[in-house]
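Here the protein sequences line up with chains U and B, keeping their order.
Under our numbering, the first residue of the first sequence carries the number 1, and numbering increases by one thereafter.
Under our numbering, the first residue of the second sequence carries the number 472, and numbering increases by one thereafter.
A few of these clues could be false.
[Claimed, not checked] The list that follows gives simulated cross-link-like pairs (lysine to aspartate or glutamate, DMTMM-like), each with its CA atoms no further than 20 Å apart:
1) 676/B - 322/U
2) 574/B - 282/U
3) 574/B - 248/U
4) 676/B - 329/U
5) 675/B - 329/U
6) 365/U - 667/B
7) 675/B - 322/U
8) 565/B - 329/U
[To be verified] Here are some, though not all, of the chain U residues that point toward chain B, as calculated from beta-carbon distances under 8 Å:
9) 161
10) 280
11) 327
12) 354
[Unchecked claim] Take a look, some chain U residues computed to stay more than 12 Å from chain B by CB distance:
13) 20
14) 197
15) 266
16) 267
17) 341
18) 397
19) 452
Hints listed in this document are in silico derivations from the structure and should not be mistaken for laboratory results.
The C-beta atom is built at its ideal place from N, Cα and C for all residues, glycine as well.
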Amino acid sequence: MSRFGKTWLKHSTTARFVLLYLGLSLVGTIPVLFFIYQQTESIIAQGYQSTVADRTAILLGEYRVGGSRELEREVKERSSGVLAHGILLLVDRDGRKLAGNIEAWPPSLDGDPWREMLLYRDGHNAPERFGLTTRRLPSGERLLIGVVVDDRGPMREALLLAMIGALILAVPIGVLGSLVLVRFMNSRVNEFAEVAARIAAGDLTRRVETKGTNDPFDRLGASLNAMLTRIEALVEELRLVTDALAHDLLSPLTRIRAFMEKVAEQPTDELRERARDAISEEIEGMRRMIAGTLEISRAEAGMGRENFTRFDLGALLRDLCEMYQPLAEEHHISIAVDDPRPRPYFGNRELIGQAVSNLVDNALKHGGATIRIGADESNSAVRLWIADNGPGIPADRREEAVRKYRRLDPARGTDGSGVGLALVRAVANLHCGELRLEDNAPGLRVLIILPRDAVQAPGPRGGLSGADGAG
Amino acid sequence: MSRKILVVEDDATTADYIAKGLVENGYVVDRAADGRDGLFHAVDGSYGAVILDRMLPGMDGLAVLAAIRAADVDTPVIILSALGSTDERVKGLKAGSDDYLVKPFAFSELLARLEVLQRRVSVHGEPVVTTLSCGDLTMDLLSHRVERAGTRIELQPREFRLLEFLLRNRDHVVTRTMMLEEVWDYHFDPGTNVIDVHISRLRKKIDESGEAPLLHTVRGVGYMLSEAA
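Chain B with its partners taken away, still in its complex shape (with noise of 0.2 Å):
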């Protein structure tokens, strides 16, 4: 997968903030500063993922996403957009997104969001899993089974759920609002740390037999599953 990221956005500091961020992970940046530029780099399709505003002089961000579509690009694409309300998530995801992140958001968000992306598209054509596993934690798709060093432990389907995605972003953080569109489907904010208390009933399963432990918190951030402390 192309560590390549386009990023088109308007505003010097945002890009310089994603930029720096991104180069600092390991990636290439290039960066577009207006619509038709960002959407005249896009269309070369040599792109891992596009982050892209969703207001921009020139052309519209959407209109933009309409037209790299439109050249049968499927390069990821994440919208970054001030318009925050679920109405504008939607569109934004109808209109060929893979991903839609409010602005003023944390990077670690962008990067987590970005990741998940990757190994979508990654995985893409990969054999079917149906186990999955972090260090002595596994997790059968099938008979729905975990275990944790050869000991069951018994789930419920929300957090089995919730286990199996951090399972499938393993060693990389995943972040709430990520953790509630994925899990539960749903897109809005239910404002308390109602995430943080199922994981922790989930920590307390699964990192309760005083091995090491494997699900993190990342402050700030979210959770990652992982056997590095």
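In isolation and in its complexed conformation, chain U is listed as follows (with noise of 0.2 Å):
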């Protein structure tokens, strides 16, 4: 109890929870309690009431049957015998007391139907509370007809008392049910709070328990969950990115110090003009790739979109086809457009240019002797594809290709920045597009779905759909 004590006290939410509940338990027990006390009196304050008609309906009975002089041997007989439970007092037209068990007329009291006050009864010294009633008689006296009404004491105390201990019941029973309650919140959100801290310790592989029963904590913990999951992704690859940015930039600086340093060594002019050539290669190269890191994370941050036009998308495909053509001939590859019709689309046309220059050149690198660039329409969207004969990418390494910085055959890294693919699919997502990698059989077949109305809306991430042997 001390422990739980101890962190009842430091945990003030817990605290305030379980005041919130007792105060709740009493704010609905109390008004309860009063209205069961306030029906119970006015039950007893009818008794009495009664009790007085009664006896009034008597005395006036007698009255009626023998006039004054009956009423008045009447009230004297009751109000000195063991009927004197209550008081009675008549009195003449004039106030004098004719009959009764006490002293005189009250001052204050005149014809009221009930009242309760404080009387002195004959032979007694201490002043009882009575409820009382008036009645004044056609040939003149006053009668007065009251009953003690001090004996719902006791029955009061009785009330009170069961009301306290009904009270003194709810407290532990509402401190008692809010505990279990806080108990059992904080054991789920503790398991929560468990794997947040060891998240934030750096294990990014926690997750929370789920216990399939999709109540209001499961489902918090499956949004968690698959938070963190995105998370991890983003975290791997953020690690992965900056160990090969790091590489990619390191290696070109080592060679260039190798380079100045051969030529302090022997500062020949040959030598400064081949080293002076390679040093500019180098710090192209690496210009290159940090202008393609910045421009992907430009377009992941959905930037450029202020940049998009109204172009003609087959133009473009027929100028990058143009463009490499002489590129492709020295390799011996062929490339063509297969459909070279205009198709306007309004979109970043420089970004797009990247894109396809990226996969044109790729293609030119890694494909075969053939290179097939194509798109065709729909109401919906313009698909956009680059196909070579080559080795293509198997389908479980697809997913790894689009990665930055991923060379899938680090022979072939010598050149390229590494971010060709990713940017394609950065230019595809800020279209809010999708780049797929497909089986060309053989070879790859790169499409690129690019919606036609992107603009307005950001529209959900498209990613890389891994269409398995679709070609």
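Reassemble the complex: the two chains are provided individually, in unrelated frames, and hints are given to aid placement.
Now the structure itself:
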């Protein structure tokens, strides 16, 4: 309990919850008890009133039969005997006492249907509380009839005691109930907190255990897990990117330093010139990689939509085909556009151009003897593809191929910035589109799907969908 | 055309590098190290061109450019920027610059672009040219006829535009990116030596007849069409 007491104080939310629960149960109990008290009181009061009314009726009956004299006799008899459980008083029209067991007519009293007041009974030293009523008789006398109401004291006490008892019971039940509830919630929250703490400490593989009950905690856990999976993937990617970027930037720097040292050792003009060319080339390569990386981040962040224009995608494909034609011929590769009709599209011309150029460049480097560029369109989207008949990429390695800085074959990694396909995907995403790598049987077919109404909605982040074996 | 160039660049090393190169090439250079100072100089209007860094203390390069244009000064402006994405280029060009060069750049690239700009300004208002030539190579812009020493040369449309661009910048270096921008109208980086292959094809056609070569490679920079070797 002491451990619990400490945490109870420490976790002010828990404390507040318990207090709230307690408060609510009191707020619920007290009015009920008050209502019961009120009802009981009024029932008791009605009892007194009906006693007085009965006695009044009897005395008035005597009066009707026997007149004032009979009434006076009756009052005298009743007020002196055992009957004197209450009070009776009869006075004449001038207020003088005729009969009864109290001293005199209370001055403030006249014609009330029901009053409660303190009065002295004959032979009693202490005042008692009476409930009473008065009547003026047709012959001028006045009659007072009352009963002791003090005897409801013990009743009240019993009632109050019962109520206090109920309250005293309500408090521990409330506290206990709320503690059980808080404990249950704490245990669930603790599971989450523990996972979060592990993750904060660097273990991104931890997940919240879901019980499949679909209760709010389960749903929270499921969405938390989904978020964690995404974060883990992003962090992993960031780590890869950082490592690869560091490697790819440090290697040229190392080579540049080597060139400089070589020149410092043998400062001949010829070597100087060669070093200059080599260093420019290294710097150009680094510049290209950084530029590519920035371009990807921008596209991934959705920047570049402000430069969307209407342009002809078909013309862009023809341009690029023509641009790469001489280079392809030099490598004895045939390159052609399949269906070179105009295809108006609203998007970022430069970035789509860059993407297609990356793909053609890739196909030239890694593909076979034929490259086909093509496009078709529907009402909702334009599809571009660049297909080669080279070795292709196995289905299980396609996702990897699209990642930044992932060169599938290290031997190929000597040229190219390693951001090619990643940039293509980022450009497709910028247009709310999709990049697919497919089997061209043989070879690789890269498909870019560009929805027509990409501009208004930022839309879903279309990823890579591995369409295995499709061609 | 004024040979006076204003260099607005806050990085002293880069500014020195540019200024030294320009002076060596016969330009007079004024320097400003921040945007306000640069704007103050530029609106004077006596410069042949302004080389403007994009990120400056005090006043952003694009803001300076906007202010220059707002003051009705149409001095050609080349923006230098580390922001190299195609979008940033487009933004710079839209803001009223005449060219956009991404850092890190080779001085030769800057010089080549500067000279193209200078010529563009100086031919402004001259009668429309219908023939271009370099030595015994002639190009008729109306009939699209190209001849070398009286022999007709057949060119593809793109080759024609490439040669036209080289001819218009005769005796001046043009870089690969300049050709990509002018001839293909793309600002992205095609990566491989795409342009070089186009040039070598063009070279085969115009320089094949064993006469003195006209199309020269300028190492590490680009190409130049010139009679001089």
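Here is what the structure says about each hint:
1. Between residue 676/B and residue 322/U the CA atoms are separated by roughly 18 Å; this keeps the pair inside 20 Å, and the hint holds.
2. At roughly 15 Å between alpha-carbon atoms, residue 574/B and residue 282/U fall within 20 Å of each other, so this suggested pair holds.
3. Using a Cα cut-off of 20 Å, the hinted pair residue 574/B and residue 248/U holds, with the two alpha carbons roughly 19 Å apart.
4. The straight-line distance between the Cα atoms of residue 676/B and residue 329/U is roughly 16 Å, inside the 20 Å bound, and the hint therefore holds.
5. With a C-alpha separation of about 15 Å, the suggested pair residue 675/B and residue 329/U falls inside the 20 Å cut-off, and the hint holds.
6. Simply put, residue 365/U and residue 667/B have alpha-carbon atoms about 17 Å apart, close enough for the 20 Å limit, and the pair holds.
7. A distance of roughly 18 Å separates the Cα atoms of residue 675/B and residue 322/U; the hinted pair therefore holds under the 20 Å criterion.
8. Our distance criterion of 20 Å between C-alpha atoms is broken by residue 565/B and residue 329/U, whose separation comes to about 37 Å.
9. Look at residue 161/U: its Cβ only gets to about 82 Å from chain B, farther than 8 Å, so that hint breaks.
10. The interface hint given for residue 280/U holds, since its Cβ lies 5 Å from the closest Cβ of chain B, which is under the 8 Å cut-off.
11. With a least beta-carbon distance of about 5 Å to chain B, the hint placing residue 327/U at the interface is held under the 8 Å criterion.
12. With a least beta-carbon distance of about 4 Å to chain B, the hint placing residue 354/U at the interface is held under the 8 Å criterion.
13. With a minimum CB-CB distance of about 55 Å to chain B, residue 20/U clears the 12 Å threshold, and the non-interface call stands.
14. The Cβ of residue 197/U lies farther than 12 Å from every Cβ of chain B, with a closest approach of about 40 Å, so its non-interface assignment holds.
15. A cut-off of 12 Å between C-beta atoms confirms that residue 266/U is not in contact with chain B; the least separation is 21 Å.
16. The claim that residue 267/U lies off the interface holds: its Cβ sits roughly 19 Å from the closest Cβ of chain B, which is beyond the 12 Å cut-off.
17. The non-interface label for residue 341/U is consistent with chain B: the shortest C-beta to C-beta separation is roughly 19 Å, beyond 12 Å.
18. No Cβ of chain B comes within 12 Å of the Cβ of residue 397/U; the nearest lies about 22 Å off, and the non-interface call holds.
19. No beta-carbon of chain B is positioned within 12 Å of the beta-carbon of residue 452/U; the least distance is around 21 Å.
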